[in-house]
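Could you put together the complete structure from these sequences and hints?
Sequences listed follow chains C and W, in order. Note that our numbering has the first sequence beginning at 1, numbered continuously upward. Note that our numbering has the second sequence beginning at 1001, numbered continuously upward.
Pairs of lysine-lysine residues, derived as DSS-like cross-links and limited to a Cα-Cα distance of at most 25 Å, are as follows: (1) LYS223/C / LYS1034/W; (2) LYS235/C / LYS1007/W; (3) LYS222/C / LYS1034/W; (4) LYS47/C / LYS222/C; (5) LYS1008/W / LYS1162/W; (6) LYS1205/W / LYS1224/W; (7) LYS235/C / LYS1084/W; (8) LYS63/C / LYS1084/W; (9) LYS1171/W / LYS1121/W; (10) LYS1049/W / LYS1007/W; (11) LYS1008/W / LYS235/C; (12) LYS235/C / LYS1205/W; (13) LYS1224/W / LYS1238/W; (14) LYS63/C / LYS1062/W; (15) LYS1048/W / LYS1008/W.
Hints listed in this document are in silico derivations from the structure and should not be mistaken for laboratory results.
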Amino acid sequence: MSEKPEKLIDKKGIRLDGRKADELRPVKLEVGVIPNADGSAYIEHGKNKILVGVFGPREMHPKHLSQTDRMVLRCRYHMAPFSVQERKSPAPSRREVELSKVIREALEPSVFTDLYPRSGIDVFIEVLQADGGTRCASITAASLAIADAGIPLRDLVVACAAGKIEDTVVLDLYDAEDKLGAADVPVAIMPNLNAVTLLQMDGILTPDEFETAVSMAMEGCKKIYAMQKEALRTKYMTVKEEAEE
Amino acid sequence: MPVFFEKKQLVTPGELLAEGDYLAGENTYMEENKIYSSRIGLADTENKKVNVVALRAFYMPKAGDIVIGTVIEVGFNGWTVDIKSPYTALLRASDVLNRPFKPQNDELSQVLNAGDLIVAKVASYDRAHDPQLTVSEPGLGKITRGQILHVTPTKIPRVIGKKGSMISMIKQVTGCQIILGVNGVVLITGKNIEDEELAMMAIQKIEAESHTSGLTDRITQLLKEEKAKIESKMEEKKE
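Now the structure itself:
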């Protein structure tokens, strides 16, 4: 990305990467990719590539962090040094610490934490390649990985963003649109319970625009949710099919 | 009061399973009179109860369970044992020695050391306390030989089979002693390695194909064929 393009969206409503306003980037999901972890998932959301590993429930270390009435969820969002154009320092940045917290809070309502007191689960999110909307992709993959670890969940959590570029509200912003656009609204939901677990807004939107952005993001979430369910099924179906031969 | 799944359908966490006059069974939960699944598994109804047989889960200790664990630490008056569950278990020295434990007389690491495997029974467990183990019953204690196999704990009932049909068949054909830890750890001790490997293979196959029917028959067939192969090889060697 060298110079600023003149128009982010043309008169026909086609964006820089050739998508329509309400079109998602291609998403690929895979479950159970890390044998050493209790649960794992991999997501490719456009050019984003994110790997998630889940460990636990296990005894908390250090012990004083454990809670007597519930399980503790710990999250680490980390970007690989090679995940962006300019080398990123591998030390956790302010942004990563904040995203870890935000992702943890988006996932926590979905987990039955009160069933396993004094224990803890660790969610490690490793961004291998970033292209805008990594927090949403991370939440989607992390929820799958937690389900793959056999931890009881109220529902899977799916996330998707919407935003505003120039004067149009669009779905699923990528890096250039995020940086040059007017606003970004990431939303995470539990689709079956119709509950929102994450809602942020960066930029300025009118109340009307905000509402369209949220409903657009929710539609996007539902599309990704179908893929999420499919990914989970595929892993456990292949086991079933192999057996039926 | 409809049900939203077919028998033995694969369900994901959060899927709506039933509405109205039903009870939430294993791996499900109820909210506003609706029953949802909470794990990946196969859904089923039993009278008015909706159950999900989990395809992936971890072991939760229950008093009376026979488990196989690894000693991870020798403490002042006992051992801490890893039983493949969210909680590490405790084994008291007086329980193993069968008499009051005196630190000046007994060296605990000579009885059980870190890395030793034990068969034990869960004596007690509740939300507030770590599980306590006991070995003061026949058949329990340190493991001296055999093979260890890890299975998803939810599949242990399948390895046992209906009224123990599967496990007794494997024991009979291979001539191995098999101890199934409810926590998903299996100990196989046989006369020779071939027999042990045969039993291991059978159990691994059961784990992979646990949700198909007619499994016992297929495993019986497979075991008999393999056993015959081994025996013919032994004959050749003798000649």
